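Enquirer: Chains as they are written, first to last, in my numbering: chain Z, 1 to 323; chain L, 324 to 644.
No lab work stands behind these hints: they were computed from the structure. Where hints are given, some of them may not hold.
On the chain Z side, residues computed to face chain L include the following (Cβ under 8 Å) [stated by the list, open to error]:
#	residue
1	97
2	102
3	184
Being a predicted model, the structure only gives us computed values, none of them experimental. Note that the Cβ used here is the ideal one computed from N, Cα and C, for glycine as well.
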Amino acid sequence: MARITMREAISQALWEEMELDPRVFIMGEEVGVWGGTYAVTKGFYDHFGPERVKDTPISEAVIIGGAIGAALTGLRPIAELMTINFAFAAMDHIVNEAAKLHYMFGGQMVLPMVIRAVGGGGRQLGATHSQTPDAIFAHFPGLKVVSPGTPADAKGLLKAAIRCDDPVLFIEHATLYQARGEVPEGDYTVPIGKSIIQRPGRDVTIVTYSKMLEISTKAADQLARESIEAEIVDLRTLRPLDMEPVLESFKKTNRAVIVEEGWRSYGVGSEVASRIYEEAFDYVDAPIQRVAQKEVPLPYNRDLEQMAIPKPEDVIAAVKEVI
Amino acid sequence: MEKQEYLDLYRQMVVIRRLEERAAELYQQGKIGGFLHLYIGQEAVSTGLISAREPQDRVITAYRDHGVAINCGIPVNMVMAELLGKSTGTSKGKGGSMHMADVSRNYFGGHAVVGAHLPLAAGLALGDQYQHNDAVTICMFGDGATNIGFFHEALNLSKVWNLPVLWVCENNLYGMGTAVDRASAVHEIRQKACGYNIPSSCVDGMNVMEVREATEKILADIRSGKGPYFLEAETYRYRGHSMGDPERYRKAEEIHHYQESDPIGIYRNFLLGLDSITKEDLNHIDDQALQEVEKAVEFAESSPEPTPEDLFKDIYVSERC
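I would like the entire structure built from these sequences, with the hints used as guidance.
Expert: Printed below as a string of structure tokens:
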């Protein structure tokens with residue numbers, strides 16, 4: 001096992017899949033000569049050439065629409081959106097085309113494509129560049145939505161996404177690129193649509209994903225010092241949502257806190273809480289708590305921004321609420 | 324062109340006309356649901372364009388797509404069955420009037436959001452360029468689509484990457500009920516291609532031979548690596564934008580004026596001027612087209628509805644991967 005950053009893990013996944021399959025190529029803004037806005041594709045342009053690492057104009061609709069068209073010819077495009085906030089400029093192609101063509105044309109259109117997008121707040125980028133709109137995309141049947149919280153999952157899930165015959169939205173968190181973790185040697189994939197227990201515990205179930213896994217883990221460390229053992233379930237995939245580990249854990253702890261970076265209203269927490277109530281109502285010992293972003297557009301000011309994003313203390317307070 | 328080829332173009336146009344007329348009736352009877360956009364009046368555009376393609380060339384269009392489906396070789400039965408929402412339809416009853424496709428015939432639909440398929444067309448052409456396929460993508464859209472951002476992103480990229488794509492604007496003078504000069508800063512639509520350094524020309528979209536001959540030359544140029552091209556076809560739809568059109572935006576005289584240059588009438592006269600083709604040849608085709616469409620209605624009406632299990636089919640290729 002090597003200890004590498006999330007950035008290196010994602011970069012390795014892309015590199016290895018491009019070496020394996022000539023149908024795989026990358027298109028997006030600044031992915032080539034620049035080396036990727038977050039340096040994920042550094043060195044790719046020189047190695048794979050401009051045909052397979054394609055710099056596009058700032059045209060999100062044709063980045064996604066173009067990837068859809070190329071996928072329909074049998075290629076396996078990886079379309080990169082510089083940030084998920086720019087996905088709104090390509091919303092029609094993500095939700096009206098990518099998510100629907102296979103179904104709407106009776107199964108004859110196959111779209112083996114990945115949309116990589118960077119999301120999350122905490123970097124003082126202001127309201128339009130800091131959002132976590134994951135739940136919006138997870139709302140649409142036909143799309144698969146993946147958002148890893150560890151380097152090992154990032155690499156394995158991205159490789160699975162590239163090999164998948166369905167369109168996958170792969171959301172990376174900007175402040176996780178430097179996060180380090182053990183990554184298995186050699187070729188491996190992590191299945192899409194499988195949640196996992198990242199940390200075992202007996203007292204409370206914390207359900208989370210992406211950056212909030214890190215925040216929840218810090219909270220769990222602190223809680224452990226107070227003899228409260230939190231079990232953390234990492235969703236990893238938002239659609240299709242795998243509730244099995246969540247329900248299994250909840251039936252043991254009878255208490256749950258759901259932690260997400262996006263807004264609370266109509267969010268991932270709302271969905272997971274509803275499903276727990278629907279499927280494990282008899283096991284509920286306390287009202288399920290949701291920890292989420294304050295209901296404001298994220299402000300630029302550092303202190304204000306930090307006030308709006310969930311912190312370990314928020315998770316700890318919510319856990320104490322249900323215990 | 325051989326006699327048979329001339330007659331086949333005529334057959335396609337008449338089949339489309341009869342199909343659309345019958346579809347209008349079925350719509351009024353409540354047998355076709357949703358929106359229904361008829362191609363009546365514009366038959367020569369698609370027929371001329373697609374008759375000039377090689378089998379490997381790809382076709383993609385907007386929601387006025389039944390005629391294009393016929394031109395791409397989809398049996399009338401399947402088109403009619405899709406209109407009736409049957410499992411034997413082009414999209415197994417899940418697409419309807421606006422979403423017909425047949426990937427095996429390189430026909431990629433049938434797209435209902437105005438202009439949204441232009442980026443897809445750029446992508447189809449990119450796929451062929453990447454794989455060094457000897458194919459061109461023909462992308463059809465209306466004048467209204469030239470006012471949406473998708474159009475500009477797609478045209479720009481096609482030129483920057485020198486993609487093998489033929490952009491075809493079917494200018495029928497109205498985007499729904501809004502006339503071109505009320506919606507577009509440029510009234511001569513093809514001028515918009517100049518902004519992207521894409522060569523363009525205009526063709527009489529009511530004259531199938533003119534469309535076909537222009538397309539043959541353009542496709543050869545694109546195939547030789549000259550990059551994208553913009554063709555404006557001036558045409559006119561005789562029926563409303565869709566079946567729910569109150570038609571408050573144009574006068575009956577205007578429609579009658581354009582009906583005098585009916586694409587089928589023009590072509591019929593042209594064919595009768597050829598020594599090899601007789602009135603009987605054409606009347607025979609007229610009769611056959613009528614029968615073919617009637618049989619298609621029977622086929623569609625007797626076809627099975629999709630099953631409740633079909634509701635959940637084809638959301639994903641595989642749930643887990």
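Enquirer: Next, verify each hint and record whether it holds.
Expert: Going down the list of hints, with the structure as the test:
Against a cut-off of 8 Å between C-beta atoms, the interface hint on residue 97 of chain Z holds, since the closest Cβ of chain L lies about 6 Å away. Contact between residue 102 of chain Z and chain L, as hinted, is supported at the beta carbon level, the nearest pair being about 6 Å apart and thus within 8 Å. Taking 8 Å as the C-beta contact cut-off toward chain L, the hint placing residue 184 of chain Z at the interface is violated, the least distance being around 19 Å.
Against the hints set out earlier in the document, a violation occurs for number 3 only.
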